[in-house]
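There are 2 protein chains.
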Amino acid sequence: MADVLDIQKQILTILNQIKTQLYSNPNFAYVNTKTNRNDLVTDRDLQIEKEIVTFLRDKYPQAQIISEEGLGNNPVNLAGLVFFVDPIDGTMNFVKCHDQFASMIGVYEDGKPIFGAIVDVMQNQIYYGGPQIGAFVDGKKLMPLADVPLAEALITVSNYLLQNEMPKYQNLVRQSSGLRIFGSAGIVFTRLLTGKEYLYIGKFKPWDLAAGRAIGQCLGIDVTTIDSKPLNMIKSQLVIVGTRCATQQALDVLSRV
Amino acid sequence: MADVLDIQKQILTILNQIKTQLYSNPNFAYVNTKTNRNDLVTDRDLQIEKEIVTFLRDKYPQAQIISEEGLGNNPVNLAGLVFFVDPIDGTMNFVKCHDQFASMIGVYEDGKPIFGAIVDVMQNQIYYGGPQIGAFVDGKKLMPLADVPLAEALITVSNYLLQNEMPKYQNLVRQSSGLRIFGSAGIVFTRLLTGKEYLYIGKFKPWDLAAGRAIGQCLGIDVTTIDSKPLNMIKSQLVIVGTRCATQQALDVLSRV
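Residue numbers (full-length UniProt numbering), protein chains in the order written: chain H, 1 to 257; chain C, 1 to 257.
Incorrect hints may appear among the rest.
Derived CB-CB ranges, DEER-like [what the hints assert, rightly or not]: (1) C/171 with H/203: 14 to 24 Å; (2) H/43 with C/23: 52 to 62 Å; (3) H/228 with C/224: 25 to 35 Å; (4) C/203 with H/151: 39 to 49 Å.
Only pairs whose alpha carbons sit at most 25 Å apart, straight line, appear in this in silico BS3-like list of lysine-lysine [stated by the list, open to error]: (5) H/168 with C/168; (6) C/205 with C/168; (7) C/205 with H/203; (8) C/229 with H/34; (9) H/50 with H/235.
By construction, these hints were calculated from the structure, which means they are not laboratory data. Yeah, the Cβ is synthetic: ideal placement off N, Cα and C, and Gly gets one too.
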C-alpha cells in the first residue's frame with residue numbers, strides 16, 4: 001500500500017512551487033484553442049504540466065499519470081498508483097481574469113482515491129486531504145458538511161449542460177437556493193469543501209474530478225453518476241458531486257423532467 | 001455643485017467602518033425572506049443600512065436617500081443630491097457563503113452620477129471613483145478598458161433572465177467567451193471595472209446599479225436600456241452594463257431572437 005503521508009508531503013511540495021510561480025506571475029506568452037474557440041491552452045498549462053509530470057516520474061517511477069495536456073501516459077486501467085494532473089483548471093479565467101483558476105493533483109491506488117490537492121492560486125490557498133487523513137485547507141482541518149436539502153443549497157451546473165439541456169437544469173436551479181458559475185471545477189470544489197455550495201453537476205474529465213473527490217469523501221461529498229452506471233475515472237462522465245440529501249433530491253428532479 | 005472630493009472622503013470613511021465590521025464578523029443573528037424564498041434580509045442588512053443612512057443624514061441633511069431596505073426617504077425624482085445605498089448586496093452569498101457580497105453607495109446630483117463606491121468585503125477592497133475624478137481600487141488607479149468584441153468577453157446574465165427568457169440569453173452566452181454567475185451585482189461590477197468581464201445583463205434595482213455606473217463611466221462602461229427607453233434610476237430596469245462594442249453586439253443578438 002502507498003504511504004499516504006509521503007504522497008501528501010511530495011504533492012504539497014510540488015504544488016507549493018507551482019502556487020508560488022503562478023501567484024507571482026499569472027500571465028502567459030501565447031494561447032491556443034483545442035476542441036473549440038473557448039477551450040484554451042497556454043504555454044503556462046504546458047510548462048506546469050511538464051514540471052509536475054517530471055517531478056512525479058522522478059519520485060514515483062512505477063506510477064501511471066493521466067493529465068489534461070497529454071504529457072501523462074494515459075493508462076487503460078487504474079491498477080496500481082495513478083496520478084491525475086490538471087496544471088491549470090479554468091484556463092479561460094487564467095487568460096481573461098488572472099484569477100479563479102486552480103492546479104489539481106488527485107492520487108488513486110487500484111482505482112480508489114487516496115489523496116487530492118487543489119490550489120486556489122490567487123487566493124494563495126491549498127485544499128488537500130484523503131479518506132484516511134481528513135481534509136484541510138492550509139493546515140486547518142475542514143469540518144464534515146451539513147446534509148442540507150436542495151432548497152437550501154447554492155448549486156453549480158456546467159455551462160455545457162445549461163446550453164444543451166436547459167429545461168431539465170432550469171427546473172433543478174428553481175428548486176435550489178440559486179445558481180453560481182465560476183468557470184473552474186477546482187474553484188467550485190473549494191466552495192463545496194467549505195459548505196458554500198452543496199451540489200455541482202457537470203460532464204467531468206477525470207482530472208476535473210479526481211482531486212476534489214479524494215478530498216471531499218471524508219466530509220460527506222459523494223460523486224454519483226446520473227445514469228446509475230459505475231463511476232469511471234478513465235473517461236468523461238456526467239456526474240453529480242454533492243452531499244447526500246441534495247444529491248438524492250437532484251436525481252429525483254432530473255428523473256421527473 | 002457638490003464637492004466631490006468631500007463626498008469621496010465621507011463615503012470612504014463610512015464604508016471603511018462597514019468593511020471592518022463585516023470583514024471581522026461576516027455573520028448574522030436572524031434571516032427573513034422578502035418577495036420570495038430566495039430574496040433574503042438579515043439583521044446585518046438592516047443594522048448596516050441604519051448606520052449608513054444615519055451617517056449620511058448627519059453629513060448631508062438636505063440630500064435624498066434611496067436604499068434597499070427602505071430606511072431612505074424614497075424620493076419621486078432625482079433633483080439635488082441623492083444617495084443610493086445597498087448595505088449588503090448578495091445577501092444570499094452573505095448567508096450561505098460568508099463571502100462574495102458587497103456594500104455599495106452611489107451619489108448622484110440632479111440625476112447625474114458623481115461618485116460611487118463598492119466594498120468587496122471579504123477581499124478587503126474598496127473600488128471607488130466618479131466621472132470627474134477617475135476610478136480606483138484602494139488608492140490604485142484603474143485603467144480604461146479595452147473595447148473587446150462579445151466573442152472575447154466573459155459575461156454575466158442575471159438568474160432571473162436565465163430562468164425566464166432562456167432561449168434569448170442562451171444564444172447570447174453562445175456568442176461570448178462564457179457565462180459567470182456570482183450572485184452579487186457589486187461583485188460583478190468589481191470584475192467589470194478590472195476588465196475580467198465586459199458585459200452584465202439584468203433587471204437592476206437603482207441601488208444595484210448606481211455605484212458601479214458612477215465608477216465605471218470614465219473607464220468606458222456604458223449602461224444601456226434594452227428597450228431604448230431612457231435610463232430611469234427610480235425604478236427597476238432591464239439594462240446592459242458593458243463596454244461599447246460588446247454592448248452593441250449583445251443588442252444585435254438580442255434583437256434577432
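Point to revise | Violations among the numbered hints | key: Going through the list in order, the structure violates hints 2, 3, 4, 7, 8 and respects the others.
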